[in-house]
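Using the sequences and the hints given, assemble the complete structure.
Just so you know, the protein sequences line up as chains L and W, in that order. Quick note on numbering: my numbering labels position 40 of the first sequence as 110, and the sequence is numbered without any gaps. Quick note on numbering: my numbering labels position 235 of the second sequence as 305, and the sequence is numbered without any gaps.
What the hints contain is simulated information worked out from the structure, not anything from laboratory work. Treat the hints loosely; a few may be bogus.
The list treats identical chains as one, so a pair stands whether inside a single copy or across any two.
Pairs of lysine to aspartate or glutamate, EDC-like flavour, derived with a Cα cap of 20 Å [as the list claims (entries may be wrong)]:
1) LYS349 x ASP241
2) LYS357 x ASP144
3) LYS220 x ASP200
4) LYS387 x ASP146
There are 2 protein chains.
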Amino acid sequence: MSYLVADLGGTRIKAGVFQEKKIIASSILNTDNKESFSKVIENLDGVFEELITSVNCQKSEINGLGLALPGIVDIDRNHVLAINDKYNESIHFNFDRWARDKWNAVLATDNDARAALAGIWQYGVGKGYDNIITMTLGTGVGGAALINGKFLYGKHYQAGCLGGHSTVNFDSFKCNCGNMGCVEALGSTWNLNNIVQSHPDIAQSSLNNYDNVDFAVLFDEYRMGDTVSKEVTENVLKAWSSGAVNLIHAYDPELLVLSGGVMKSADIIVPFMQNWINKHAWTPWGKVQIKISQAIDDIALLGLGYLVDTKIKNKRKN
Amino acid sequence: MSYLVADLGGTRIKAGVFQEKKIIASSILNTDNKESFSKVIENLDGVFEELITSVNCQKSEINGLGLALPGIVDIDRNHVLAINDKYNESIHFNFDRWARDKWNAVLATDNDARAALAGIWQYGVGKGYDNIITMTLGTGVGGAALINGKFLYGKHYQAGCLGGHSTVNFDSFKCNCGNMGCVEALGSTWNLNNIVQSHPDIAQSSLNNYDNVDFAVLFDEYRMGDTVSKEVTENVLKAWSSGAVNLIHAYDPELLVLSGGVMKSADIIVPFMQNWINKHAWTPWGKVQIKISQAIDDIALLGLGYLVDTKIKNKRKN
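Structure (structure tokens):
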């Protein structure tokens, strides 16, 4: 069984060949905001062809395709229901026709965070757990939920994926999504400058020397002892932690897996969040454990391999 | 098929006989805080016996039993895992033995909010919907979740039931559960006096004339134009609404069913919450509708009838 898998991210696409539970070759495709979605897929086809040549595989040997997309995906019909601006034409794209006509292969599509969770569960730090929630902290806050060994989808395929849009302080910043005081609005890169600039003492802070404050800068200045950085960091940590508690109360998991570039400061983040969860999550059975997932790119490709595998097995059963 | 069903509430137990999709007789049993749990069950047995006599039924005709409990229930083993103080001995009670030795009947136990949701779904305002969340507003904030026609339980049977403990303002009141700024801490009877007394202008408010402020008082004074009542009411409505958005983002439902005595002021509550949800919940497929469920007592008994029915049918299948 050889599958072609790709994770369509905001700035680039990671594509790979999945064979016998491994990604045996992979490649990065940079994308351009001006390209049509058909053009994106055409370029991806090219990368896929190069990849199968590189591993001495024939096109006819490819029996599965997996795509992870940064949006809400109807996995039963392979339709994108809602997605960020960059790929908005994908809503009208016929993925099934592409899979059949171009590759003659079974296609599994899913939300990118669910694909990553599949990888974490089957091949990563979530191995051995059947109840997992994830939070990816960065530009936004993403995630997914696995309950008793099944991914949560919901009626419109958006259950489990909107943990970043849990309100943790309705008296605070408005989020891009339209909601008030989401985890994302209080703790992600897109709003961090705004958060920093709204601090009453910003003029006295070392953060004032930066044109653009990202989490790397914020945590550096926090380590240097800047007071405003300390307060902003603590508020961000509280937002992430409260969001984690909301997910724990919603989905009843054993394990919370954190990822994202910001995990370079795991020494600050994990102890704070673990302590908050231990103190504030109501889990009479025990404590939810936090683990970190590195290399989230590869893990999503592996997860797609698992999702394609499952789809092919289910097709045989029916 | 005749089943005996009972909803064990904080101050009283409602017991009934379920036959052919109806509660054909019911009775209220007041409970005493000093009684042992065995004594509570003994009294319930007495009420059940009276009820079956009243409907000319024989004990041998009873083939099912249903119990709703205000706690976390392992429905597969009929064990109470965690429960409020009043019934804390129930954690050690052998429900299966009682059902077998005393009644020789199949027993279904569940959390009370799930039993109510089962009734709402099968016999109430949720009929025809397979994706429902509930919020019962009152002494606390309870609820449950139905996703694609299945109740959400989670690994430790607490998924779906902790909507009242979603953080909506981590900078606010601490909750009984140990968490910060839960929906419950900001919007339920147990903390309402504390909320009112913490308002900076309480001395100038008509609420200051009451020894005890409950929602009936609060909404009355709000209608009379008292400024503090208006501010407190709006904050409560925002807490409930933000909690509702968190549940919508978590479970992806079509329908939110509200209940509780406070629904006497549905004219204030429902328009506010529907408007907030329409504005702030991210549901690209459409809008989540709000409905009110009256007579939540009977609906829980009907729901128990459905749960017992399902358990008996599943036993036959296996």
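Hint check results:
1. LYS349 x ASP241: between (23 Å within a copy, 16 Å between copies)
2. LYS357 x ASP144: Only across copies: LYS357 and ASP144 sit 18 Å apart there, 34 Å inside one copy, limit 20 Å.
3. LYS220 x ASP200: both (8 Å within a copy, 18 Å between copies)
4. LYS387 x ASP146: Result: close within a single copy only, 16 Å intra versus 28 Å inter.
Violation of the numbered hints given earlier is absent; every hint is satisfied by the structure.
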